[in-house]
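Number of protein chains: 2
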Amino acid sequence: MKKSTGAASTVYPEPVFMVATYNDDGTPNAMAAAWGGIANDKLISICIDKGHRTAENVVKRGAFTVSMADEANIVACDYLGIVSGNDVPDKFARSGLHATRSDLVDAPVIDELCMCLECEVVDYVDETLTGIIVDIKADESVLTDGKIDVEKLKPVVYDPVAHTYRSIGGVVGRAFGDGKKLM
Amino acid sequence: MKKSTGAASTVYPEPVFMVATYNDDGTPNAMAAAWGGIANDKLISICIDKGHRTAENVVKRGAFTVSMADEANIVACDYLGIVSGNDVPDKFARSGLHATRSDLVDAPVIDELCMCLECEVVDYVDETLTGIIVDIKADESVLTDGKIDVEKLKPVVYDPVAHTYRSIGGVVGRAFGDGKKLM
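Heads up: the protein sequence lines correspond to chains L and B, in order. Position one of the first sequence corresponds to residue 102 (the numbering used here), numbered consecutively onward. Position one of the second sequence corresponds to residue 102 (the numbering used here), numbered consecutively onward.
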């Protein structure tokens, strides 16, 4: 018997996207975002409250990157999710993370996070930022046979009810595989 | 040093949303969707290819539900992701799952999956289905102190590179907490 728990913005899993942009002065900025996901085979959509500095930056620069928050950098990523770039303009420097300019889009790629989507802005409407995924960059250290290996990447999952970050666990099924038992 | 892995619709984590609707004849239909997420504090957005029966159903009924695929039901959920309702109109019945009519929206709630968002369609444009989250229902068995407990729910994560389903692992950080060390 199911019970009402009330309307809420809760699904499992929610991501911890680190959205990085350049400020007016060319310094990097980054924020954490859990509301969003792949929109179709080419696009990603992320809710960015218009009060964020990121909102201004994406409109001005027409670009952003999305890195996956990971276990190794959880303190810095959480810090970037707590502190506003409007209050602490150099928050990215204070996080201890570093960034390198993307060679494809006008946005910073966070050095310490090992997987990064480089995106060009399609639009920013009703606080929804949509970008075309131009490329995905990854450190050699998280690749196996040239492909991203989630066990090496160790991205985190956000639990919006308990407000915790969780790891991704072991394999519990094969997609487009297990279901064939019922065919 | 980061390396290009090519543009792809890959982020971590991706969800395994089971989107359930009613067919014309009143039987339930459900499909799996990994592209989507929370759109803002009231809305969820999911990419639904227009070829899916779900696309037709959401337009006609103006409602759908989203349940989280879980470890216990991974075979049935994967089956619903492989087989098209156009090819196998009774695929939901064949999955072995059951459904009960939502008391809030014109859509079925999958009995075996313990957490379900009941949604009214806002729009379906460019293959993006957007719905307002009217309520979230959960089985008592996955609640702790009245709140959804991810350790009881055991929702799965989709790995779009390896095409596997993974569990959600242990706590690796506190959101709006760990980052305070840097303030």
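These aren't lab readings, by the way, just hints derived from the structure by calculation. Watch out, some of these pointers could steer you wrong.
In this list, chains with the same sequence are indistinguishable; a pair is considered to hold if it fits within one copy or across any two.
Said to hold, decoys possible - Only pairs whose alpha carbons sit at most 27 Å apart, straight line, appear in this in silico DSSO-like list of lysine-lysine:
| no. | residue 1 | residue 2 |
| --- | --- | --- |
| 1 | K281 | K151 |
| 2 | K248 | K281 |
| 3 | K282 | K143 |
| 4 | K104 | K151 |
| 5 | K151 | K248 |
| 6 | K248 | K104 |
| 7 | K281 | K161 |
| 8 | K253 | K151 |
Just so it is clear, the structure is predicted and the values come from calculations on it, not from any experiment.
Now the hints, each set against the structure:
1. K281 <-> K151: Intra 45 Å, inter 24 Å, cutoff 27 Å: inter-copy only.
2. K248 <-> K281: For K248 and K281, only the intra-copy Cα distance (26 Å) is at most 27 Å; the inter-copy one is 34 Å.
3. K282 <-> K143: Answer is neither; intra-copy 32 Å and inter-copy 37 Å both fail.
4. K104 <-> K151: neither (34 Å within a copy, 32 Å between copies)
5. K151 <-> K248: neither (35 Å within a copy, 30 Å between copies)
6. K248 <-> K104: Only across copies: K248 and K104 sit 10 Å apart there, 42 Å inside one copy, limit 27 Å.
7. K281 <-> K161: neither (49 Å within a copy, 30 Å between copies)
8. K253 <-> K151: neither (34 Å within a copy, 36 Å between copies)
Checked against the numbered hints above, the structure breaks hints 3, 4, 5, 7, 8 and satisfies the rest.
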